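*Asks:* Start from chain A and add chain B according to the hints.
Protein chains in written order, with the numbering used here: chain A, 3 to 408; chain B, 3 to 408.
Be aware that a few hints might be false.
Each pair may be met inside one copy or between any two copies, as identical chains are not told apart.
[Said to hold, decoys possible] Calculated cross-link-like contacts (lysine to aspartate or glutamate; reagent style EDC-like; alpha-carbon spacing at most 20 Å):
1) K248 x D170
2) K171 x D251
3) K108 x D33
4) K181 x D251
5) K171 x E247
6) K53 x D107
7) K190 x E162
8) K10 x E361
9) K380 x D4
10) K181 x D353
11) K333 x D107
12) K181 x E274
13) K171 x D141
14) K190 x E225
Simulated from the structure, these hints should not be mistaken for laboratory data.
For clarity, every value in this text was computed on a predicted model and none was experimentally measured.
There are 2 protein chains.
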Amino acid sequence: MDQLSHRKADARLRLFKVDGTPLSEACVTIDQTGHRFLFGCGAFDAVALMKTQDEAQRAFLQERMGKWLRLFNYGTLPFYWGRYEPEEGKTAYAETIAAAKWLRDKGVQVKGHPLCWHTVCAPWLMQYSNEEILQRQLDRIRRDVTAYKGVIDMWDVINEVVIMPVFDKYDNAVTRICKDLGRIRLVKEVFAAAKESNPDAVLLINDFNTSVSYEILLEGLLEAGVPISAIGIQSHQHQGYWGLEKLNDVLSRFSRFGLPIHFTENTLISGEIMPPHIVDLNDWQVDSWPSTPEGEERQAREISEMYSVLFAHPLVEAITTWDFNDGCWLKAPSGFVHEDNSEKPAYYALDQLIHGTWETHEKLVTDSEGYLSFTGFKGDYAVSSEFGTAVFALNEPLNRELRLNT
Amino acid sequence: MDQLSHRKADARLRLFKVDGTPLSEACVTIDQTGHRFLFGCGAFDAVALMKTQDEAQRAFLQERMGKWLRLFNYGTLPFYWGRYEPEEGKTAYAETIAAAKWLRDKGVQVKGHPLCWHTVCAPWLMQYSNEEILQRQLDRIRRDVTAYKGVIDMWDVINEVVIMPVFDKYDNAVTRICKDLGRIRLVKEVFAAAKESNPDAVLLINDFNTSVSYEILLEGLLEAGVPISAIGIQSHQHQGYWGLEKLNDVLSRFSRFGLPIHFTENTLISGEIMPPHIVDLNDWQVDSWPSTPEGEERQAREISEMYSVLFAHPLVEAITTWDFNDGCWLKAPSGFVHEDNSEKPAYYALDQLIHGTWETHEKLVTDSEGYLSFTGFKGDYAVSSEFGTAVFALNEPLNRELRLNT
Numbered sequence: 003m004d005q006l007s008h009r010k011a012d013a014r015l016r017l018f019k020v021d022g023t024p025l026s027e028a029c030v031t032i033d034q035t036g037h038r039f040l041f042g043c044g045a046f047d048a049v050a051l052m053k054t055q056d057e058a059q060r061a062f063l064q065e066r067m068g069k070w071l072r073l074f075n076y077g078t079l080p081f082y083w084g085r086y087e088p089e090e091g092k093t094a095y096a097e098t099i100a101a102a103k104w105l106r107d108k109g110v111q112v113k114g115h116p117l118c119w120h121t122v123c124a125p126w127l128m129q130y131s132n133e134e135i136l137q138r139q140l141d142r143i144r145r146d147v148t149a150y151k152g153v154i155d156m157w158d159v160i161n162e163v164v165i166m167p168v169f170d171k172y173d174n175a176v177t178r179i180c181k182d183l184g185r186i187r188l189v190k191e192v193f194a195a196a197k198e199s200n201p202d203a204v205l206l207i208n209d210f211n212t213s214v215s216y217e218i219l220l221e222g223l224l225e226a227g228v229p230i231s232a233i234g235i236q237s238h239q240h241q242g243y244w245g246l247e248k249l250n251d252v253l254s255r256f257s258r259f260g261l262p263i264h265f266t267e268n269t270l271i272s273g274e275i276m277p278p279h280i281v282d283l284n285d286w287q288v289d290s291w292p293s294t295p296e297g298e299e300r301q302a303r304e305i306s307e308m309y310s311v312l313f314a315h316p317l318v319e320a321i322t323t324w325d326f327n328d329g330c331w332l333k334a335p336s337g338f339v340h341e342d343n344s345e346k347p348a349y350y351a352l353d354q355l356i357h358g359t360w361e362t363h364e365k366l367v368t369d370s371e372g373y374l375s376f377t378g379f380k381g382d383y384a385v386s387s388e389f390g391t392a393v394f395a396l397n398e399p400l401n402r403e404l405r406l407n408t
Numbered sequence: 003m004d005q006l007s008h009r010k011a012d013a014r015l016r017l018f019k020v021d022g023t024p025l026s027e028a029c030v031t032i033d034q035t036g037h038r039f040l041f042g043c044g045a046f047d048a049v050a051l052m053k054t055q056d057e058a059q060r061a062f063l064q065e066r067m068g069k070w071l072r073l074f075n076y077g078t079l080p081f082y083w084g085r086y087e088p089e090e091g092k093t094a095y096a097e098t099i100a101a102a103k104w105l106r107d108k109g110v111q112v113k114g115h116p117l118c119w120h121t122v123c124a125p126w127l128m129q130y131s132n133e134e135i136l137q138r139q140l141d142r143i144r145r146d147v148t149a150y151k152g153v154i155d156m157w158d159v160i161n162e163v164v165i166m167p168v169f170d171k172y173d174n175a176v177t178r179i180c181k182d183l184g185r186i187r188l189v190k191e192v193f194a195a196a197k198e199s200n201p202d203a204v205l206l207i208n209d210f211n212t213s214v215s216y217e218i219l220l221e222g223l224l225e226a227g228v229p230i231s232a233i234g235i236q237s238h239q240h241q242g243y244w245g246l247e248k249l250n251d252v253l254s255r256f257s258r259f260g261l262p263i264h265f266t267e268n269t270l271i272s273g274e275i276m277p278p279h280i281v282d283l284n285d286w287q288v289d290s291w292p293s294t295p296e297g298e299e300r301q302a303r304e305i306s307e308m309y310s311v312l313f314a315h316p317l318v319e320a321i322t323t324w325d326f327n328d329g330c331w332l333k334a335p336s337g338f339v340h341e342d343n344s345e346k347p348a349y350y351a352l353d354q355l356i357h358g359t360w361e362t363h364e365k366l367v368t369d370s371e372g373y374l375s376f377t378g379f380k381g382d383y384a385v386s387s388e389f390g391t392a393v394f395a396l397n398e399p400l401n402r403e404l405r406l407n408t
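Just chain A, with the same shape it has in the complex (with noise of 0.2 Å):
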């Protein structure tokens, strides 16, 4: 049995000349030009390159932001209240949304990230009452939602819950809150604020805790009603890959609500493991955590076996990994480029499986009517032959007349 069968769908085509007639017995090519699996990272660089005055950053941002786009359709843009929004009401944006629209015009899905959270939270939402910061964190959001509605469709509404309102290492507006209203309470809340401002996005609540804790919330949160389009889970492996044990457990045990899975935050990295004494990841601070040669190949060979265990699982619609480049949060060496740019085996390793072992080429013949079947990754595609070329999505099971164009 093909393990990747939901990740495919059989395709029937009856191509036409230009001419109206049909294109029988005629060598095509077939193309896969894009993912519908989102394969995704995050994409903060991409505010960084709008914002940048400086000619040799861009260009530097530009060359990072080239590769990144090589390998990704799919990218998450921060949202972090504290800095999005320094002041009450001075925004970044001009230079979000630029970022967005510059992401969608690549043909790259964005995400937001995230409305509701109780670390980088604003810290002058602390001068207020709970009724009052309640009140701005959903204006916040339908504010917010709403500006960016037809760029952004995805939103990371509530990350966190768990530990929410236990959140413990210092105070902010977000903790408050969540402890007064109880953690139900508050995600119904938030939820329904971006619900009402965009009914057709996709909603997601996120969490690194992947415990029995996370299962039950969902549970409460389902029962209540809260319209969560997809279950995030964070694996910030800095102390070591899970392995499959973990990971198929986590699978198990997340896919009984039936609900899409998005692995919104993966890291993987190609240093030393941070001891596992660390609890808070926060809590690791070293001036440098240098990628080693031995470190870039198992992180090659742990993000193979990782994203290879998730393409296979038919509830899994997205994979992100957090760092796009080495040094970025806790300095760690988790991306896929070094700090310098130039690609680590991880990135070929990712490459050769997006663009090679995931992703239909075929050469055909078609029949004398001018059909030709085919079996392929879901996604969009060119069809091309001497006598034109076409695009087509496939997404599910289809059957089409295509005409060529030259």
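*Replies:* Chain B only, in chain A's frame:
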């Protein structure tokens, strides 16, 4: 400030003699005869006492229950489905109702434990489909809650839900339906069945898991409108006393729901403690588990401290120690008495709290109009003088006239 003020009430009484004249300027004795707070213990031996045909055994159990009754006003009776109904339709109703009535006649409030649990589940259920199991589970609840109404009006409706659907030690009917329906749906159903059968009953959910998972489960259940009367918390401390920090942490996390809290299954042992690597306490199988002199002193100290913290907490309404005597569950030295019924230091320590520190006994003089005032622990009282006696209950501020009977 009096840390126990929530356990007390002010009384102002006006006493009259049998002839109707005020009892003026007379010496009276106020004696608390019962507690409003539920001091509980497993009372499984009451069932054994009802069943035994052996005279020596009867005398032994009578001695044991006599010591039990000196301490406790609240007892838990067993309703484990696999034992209560070992063959479908053949129940232990006769001896269980007899035990419940025997306890009630002695002023003991009785709780049934549990109506739904994956452990000690009825094996004959396994032949049925999940729909049929659920139907039988709900029928069983309706049958038993109805049959005992007026005698048992307090139930552990469902036990250990956090682990229930992922319990994998052995296949059983209740795990099957919990996996099928999800935790919240199953809890909803079993509570609804209990509630419709006895709308005034006190209905508990009970768990040994005191982590954030149980909190989130409770959030989800309350949000789903499940009529939970009180939160049940198990505290089997075979692996060592929790200590004040954990105890206060659990109290603080579970008190935010504002519901009454019952410590439903407490164990503190007087022997060597179980090693920390044991995850399921049932895995610790020993031939004997002796009580030691030092262990008995420690157990007494820990019981005094733990009961004192719980009695001081405004939301705690009940504490049940699981085993009255040593050598029951896991053969642990977990009792207030040894296997031969001789009292351990913990027995005297708890007796000192219940019938000493926390019990009101006063000698007062009425004024010229027959009035007297006092503040006492909530519960039942007798007032007596050379002119006779009267009884009254003090559960809230009381202003009452009483005629003494001779």
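*Asks:* Hint by hint, say whether it matches the structure.
*Replies:* Against the structure, the hints:
1. K248 x D170: between (28 Å within a copy, 17 Å between copies)
2. K171 x D251: Classified as between: cross-chain Cα gap 17 Å, same-chain 30 Å, threshold 20 Å.
3. K108 x D33: Intra 18 Å, inter 85 Å, cutoff 20 Å: intra-copy only.
4. K181 x D251: between (30 Å within a copy, 15 Å between copies)
5. K171 x E247: between (32 Å within a copy, 19 Å between copies)
6. K53 x D107: within (18 Å within a copy, 81 Å between copies)
7. K190 x E162: For K190 and E162, the Cα distance is within 20 Å only inside one copy (14 Å; across copies 27 Å).
8. K10 x E361: within (10 Å within a copy, 75 Å between copies)
9. K380 x D4: Within one copy, since 15 Å is at most 20 Å while 71 Å is not.
10. K181 x D353: Close neither inside one copy (44 Å) nor across copies (39 Å); limit 20 Å.
11. K333 x D107: neither (31 Å within a copy, 71 Å between copies)
12. K181 x E274: The answer is neither: 37 Å in one copy and 40 Å across copies each exceed 20 Å.
13. K171 x D141: Intra 26 Å, inter 49 Å, cutoff 20 Å: neither.
14. K190 x E225: both (11 Å within a copy, 11 Å between copies)
Consistency with the previously given hints fails for numbers 10, 11, 12 and 13, ordered from lowest to highest.
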